[in-house]
Amino acid sequence: MTTKVASSSTAYDAHQERSRQEQWRADKWMMVGVFFIGTAVLGLIGLPFFLYGLSLQIRAAKEGLSVRPVLVTLIGYLVAVDAALNSLGWALDLIGNHTLLARVFLMSWGNMFDGGYFWHYNELAIGGATAPGEKAWVIALLPLMFSMRIAAAIGFLQMKRWGHQWLVVTCWFGVIAWTGYVANMTIFFDVRYAGVVFPVVGWWLYDIFYITPYLAIPYLHTVNREIFSD
Amino acid sequence: MNKLTMSRQDRRRWRAMVVFQLVAYGYLLGMFLLQLYMLSNRDW
Amino acid sequence: MTDIAKDKLPAGTEPAFAGMHKWLQRGLIVCLVALVLEGALTFPLLAIWYGWPQLSLQEICGEFEKIRFADESRECIYPYPLFAESEGKGQKTAQDVWSSQPRPKYERVEYRGLIKRREARLARQAAEKAAAAASAMTTSPVAAPAN
Numbered sequence: 014m015t016t017k018v019a020s021s022s023t024a025y026d027a028h029q030e031r032s033r034q035e036q037w038r039a040d041k042w043m044m045v046g047v048f049f050i051g052t053a054v055l056g057l058i059g060l061p062f063f064l065y066g067l068s069l070q071i072r073a074a075k076e077g078l079s080v081r082p083v084l085v086t087l088i089g090y091l092v093a094v095d096a097a098l099n100s101l102g103w104a105l106d107l108i109g110n111h112t113l114l115a116r117v118f119l120m121s122w123g124n125m126f127d128g129g130y131f132w133h134y135n136e137l138a139i140g141g142a143t144a145p146g147e148k149a150w151v152i153a154l155l156p157l158m159f160s161m162r163i164a165a166a167i168g169f170l171q172m173k174r175w176g177h178q179w180l181v182v183t184c185w186f187g188v189i190a191w192t193g194y195v196a197n198m199t200i201f202f203d204v205r206y207a208g209v210v211f212p213v214v215g216w217w218l219y220d221i222f223y224i225t226p227y228l229a230i231p232y233l234h235t236v237n238r239e240i241f242s243d
Numbered sequence: 007m008n009k010l011t012m013s014r015q016d017r018r019r020w021r022a023m024v025v026f027q028l029v030a031y032g033y034l035l036g037m038f039l040l041q042l043y044m045l046s047n048r049d050w
Numbered sequence: 388m389t390d391i392a393k394d395k396l397p398a399g400t401e402p403a404f405a406g407m408h409k410w411l412q413r414g415l416i417v418c419l420v421a422l423v424l425e426g427a428l429t430f431p432l433l434a435i436w437y438g439w440p441q442l443s444l445q446e447i448c449g450e451f452e453k454i455r456f457a458d459e460s461r462e463c464i465y466p467y468p469l470f471a472e473s474e475g476k477g478q479k480t481a482q483d484v485w486s487s488q489p490r491p492k493y494e495r496v497e498y499r500g501l502i503k504r505r506e507a508r509l510a511r512q513a514a515e516k517a518a519a520a521a522s523a524m525t526t527s528p529v530a531a532p533a534n
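Protein chains in written order, with my numbering: chain P, 14 to 243; chain X, 7 to 50; chain S, 388 to 534.
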């Protein structure tokens, strides 16, 4: 009797251990992938790494190992990528606004899609975007929302309860950010779009793929929360 | 928790999420259309 | 938990939300691929549109500055001194229609338009210089060395 229990519990432990190993193996590939994707320019190098890691995880799940649900993996990493790419651009604006990189690529992006990153650029004492309201969004969202969201994404990928909760908080913050930001752009329409190469349609086509929080929220509120643990 | 209350709760949650999506995407779509309209109005 | 339909669903997904979660997953994959493509293509395509490699990055930077502040005498200072004032601080040349919603007066840049702008400007400046030199020769040849 006792030996039977012991052997079944060691079988369970072994299963858990193998699951953990497979998950970690998949995660290593995906983390390398996300690192490259987060640099923007090297994204195409990163994507195959990420997809290979994802396929490892899916295969492990098919073998009956208890790995993360695919959606948790996708949301966790995509939230991190979204935040990393935004942080890259805005750190350039906030801190690196007199670098050649900012004055060529941020300027040309602004000139093409969003005059907020061209109009009177580098005229404020702190440099960077001068468009009404823009700097305030950068200051509020970059050190607060995006860094919090990356932390939340890490906890979420570890299937921690706090990761789930903080992802809920920061994704709703994302909805507020989108709502306010788009309203600001509409109000100062001329600054944002006059003299721009692809006004309105260009900006929306470019930026709409950053709506990750809108896709994450319905999942976060309908997932069975018992899969997250303390 | 019995099955009946569970499904009712699920149904409410489902509906809430659909309403959220409609409002959130609706607002974005509205802003986009408004900007397109403003664009057609400008002389630049 | 022995329910067959439930066993096929990923952990955390209740049958009631299976459809919704499937659509969310599709959307997430689209976003991921789109962000990767954008990230990878934005820099090279922007550089090409604005005249690289015919113009160096610093020249592109300089052309932007001339447009932004409507001032041909502006150059792109690079590397920019670390604790210096912002390059545009206190400028008085930028052209706008000022109101509660200001409107810039600069014009849209066409495909590789910065190259054309630069060439036109250099040609005009060369012509002006030649004309000035010529008029100086004809009108006051003696006045010039007096300075």
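For the record, the hints were derived by calculation from the structure and aren't laboratory data.
Ideal placement from N, C-alpha and C gives every residue a C-beta, glycine not left out.
A portion of the hints provided could be inaccurate.
What the hints assert, rightly or not - Sample of chain S residues facing chain P (criterion: CB under 10 Å; computed from the structure):
no.: 1; residue: P397
no.: 2; residue: L411
no.: 3; residue: C418
no.: 4; residue: E425
no.: 5; residue: W439
no.: 6; residue: P440
no.: 7; residue: C448
no.: 8; residue: I454
no.: 9; residue: Y467
no.: 10; residue: A471
no.: 11; residue: A481
no.: 12; residue: V484
no.: 13; residue: Q488
no.: 14; residue: V496
no.: 15; residue: Y498
no.: 16; residue: I502
To be verified - Label pairs and their in silico Cβ distance ranges:
no.: 17; chain 1: P; residue 1: V54; chain 2: S; residue 2: E459; range: 26 to 36 Å
no.: 18; chain 1: S; residue 1: E494; chain 2: P; residue 2: G193; range: 28 to 38 Å
no.: 19; chain 1: P; residue 1: R38; chain 2: S; residue 2: E506; range: 19 to 29 Å
no.: 20; chain 1: P; residue 1: L137; chain 2: X; residue 2: Y43; range: 56 to 66 Å
no.: 21; chain 1: P; residue 1: R174; chain 2: S; residue 2: L424; range: 28 to 38 Å
no.: 22; chain 1: P; residue 1: L137; chain 2: S; residue 2: E459; range: 53 to 63 Å
Please flag the earlier hints that this structure goes against, numbers listed from lowest up. When the structure is compared with the hints, numbers 6, 16, 19, 20 and 22 turn out to be violated.
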